[in-house]
Amino acid sequence: MADPMKIRANLVGDATEVKVLMSHEMETGQRKDADGKVIPAWFIQNVKVAHNDKVVLAAQWGPAVAKNPFLSFRFKGGAKGDKVKITWTDNHNDTRTDEATIA
Amino acid sequence: MRTMMQRALAAGCAATALAAVMSAALAESTSDEIAKYREALQDGNPAELWEARGEEMWKAPRGPNKVSFASCDLGLGPGVVKGAYAELPRYFPDAKRVMDLETRLVYCMVSQQGYSESDALRNTFGNGSAHRSDLEALAAYVTSQSRGVAMNVALDEPHMHDMYRLGEKMFYYRGGTHDFACATCHGDDGKRIRLQDLPNLTKIEGAQKAYTTWPAYRVSQGELRTFQWRLNDCFRQQRFPELEFGSDASIALTAYLAGRANGAAYDGPAIKR
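Protein sequences, first through last, are from chains A and B. With the numbering used here as the guide, the letters of the first sequence map in order to residues 1 to 103. With the numbering used here as the guide, the letters of the second sequence map in order to residues 104 to 376.
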């Protein structure tokens, strides 16, 4: 089971600024271990962010994204107390969903 | 003939001067750019992921005895975390030893939670999700609870005073295959390894800035590293014998640098290249 994300969602003017830290190895599949064996690729492929139940961001990621990724973005609308729900799915089909309240 | 040589000499001097100016400008823009890079990373410091994991670990019952860290005294009373790191290392009468944070955590894991010493010292330095370090996560949590607190290490306490003096001696002690001391790299302004500027730890500002920003998330390693790791890797780079985790030598150097940082607000866990 993956570690929880760290999510901050704050109202900035008429937009909501979301900052997310995800805990993930993001292994590229290009590296080799000490024995010379390729370390298999293991990375987040899909990220979905929903405000209440409306999707405000959907992204496809690849192995070029760094380990323990940080994602920051803004969307229009949102009010204090609303929920922001974030889900990622990796290429092992492991998935994690976390929720934050807009402050 | 003579004038030609003079001219060539003059041109040579001019070229050297120009190269010096250029390399100074380059060095400045490099450290500026690295400063910008650090600032950009500040906002999403993955150290927070370690802090969160460490907090959970701190509060959960652990080990064969199923005891949480609520009974672990970091110097300010059992279970008190807030501000504790700003006063470490310190002398602990129960252990009859000066201890830094990591050593104290191991002490609590062994004496209260019932771990064997080798279990408590497993993965002192983490390596990926398969070899995660409990100590690094716990250190991240404990240190985060001292953010903004002024460093206040008790140097007038006799045991601490001895450790500080020992650490100072080690800092200037030259040895190893390269005849290096800590002071070889950290005793002057403007020293660097490749493009990485090194803090001058013989100046109070340098020591304060360096000490108060460990532990730190190392982007190049994707791991959170503690001060024990920092010292261990410095020893490796100097080609010294391996610094034993939690040894008196490691604590003496920590006591020396923490003491030099006294008065500065603690500012970690930070993020470093």
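If you're looking for bench data, these hints aren't it; they were derived computationally from the structure. Just to be clear, a hint being listed does not mean it is correct.
[To be verified] Taking lysine to aspartate or glutamate pairs in the DMTMM-like style, the calculated list, with each CA pair at most 25 Å apart, reads: (1) B:Lys162 <-> A:Asp53; (2) A:Lys67 <-> B:Asp292; (3) A:Lys19 <-> B:Asp351; (4) A:Lys67 <-> B:Asp370; (5) A:Lys19 <-> B:Asp292; (6) A:Lys83 <-> B:Asp135; (7) A:Lys48 <-> B:Glu260; (8) B:Lys139 <-> B:Asp292; (9) B:Lys312 <-> B:Glu159.
Between Lys67 of chain A and Asp370 of chain B, does the CA-CA distance stay at or below 25 Å?
-> Answer holds: Lys67 of chain A to Asp370 of chain B is near 24 Å, not above 25 Å.
Restraint status (C-alpha distance of Lys83 of chain A to Asp135 of chain B at most 25 Å) | Given pair Lys83 of chain A, Asp135 of chain B is violated - Cα atoms ~39 Å apart, limit 25 Å.
Within a Cα-Cα threshold of 25 Å, do Lys162 of chain B and Asp53 of chain A meet the stated pairing?
-> violated (34 Å)
Taking only the CA atoms, is the gap from Lys139 of chain B to Asp292 of chain B under or equal to 25 Å?
-> holds (21 Å)
Taking only the CA atoms, is the gap from Lys48 of chain A to Glu260 of chain B under or equal to 25 Å?
-> Violated. Lys48 of chain A to Glu260 of chain B sits at ~55 Å, over the 25 Å cutoff.
Regarding the pair Lys19 of chain A and Asp351 of chain B, is the alpha-carbon distance no greater than 25 Å?
-> Given that 25 Å is the threshold and the Cα spacing comes to 42 Å, the pair is violated.
Take the C-alpha atoms of Lys67 of chain A and Asp292 of chain B, compute the straight-line distance between them, and say whether it is at most 25 Å.
-> With a Cα-Cα distance of about 33 Å, the restraint between Lys67 of chain A and Asp292 of chain B is violated, given a limit of 25 Å.
Are Lys19 of chain A and Asp292 of chain B close enough, with their CA atoms no more than 25 Å apart?
-> Outside the cut-off at roughly 37 Å; violated.
Is the Cα-Cα distance between Lys312 of chain B and Glu159 of chain B 25 Å or less?
-> At roughly 29 Å apart (the allowed maximum being 25 Å), Glu159 of chain B and Lys312 of chain B break the hint.
When held up to the earlier numbered hints, the structure conflicts with 1, 2, 3, 5, 6, 7, 9 and fits the remainder.
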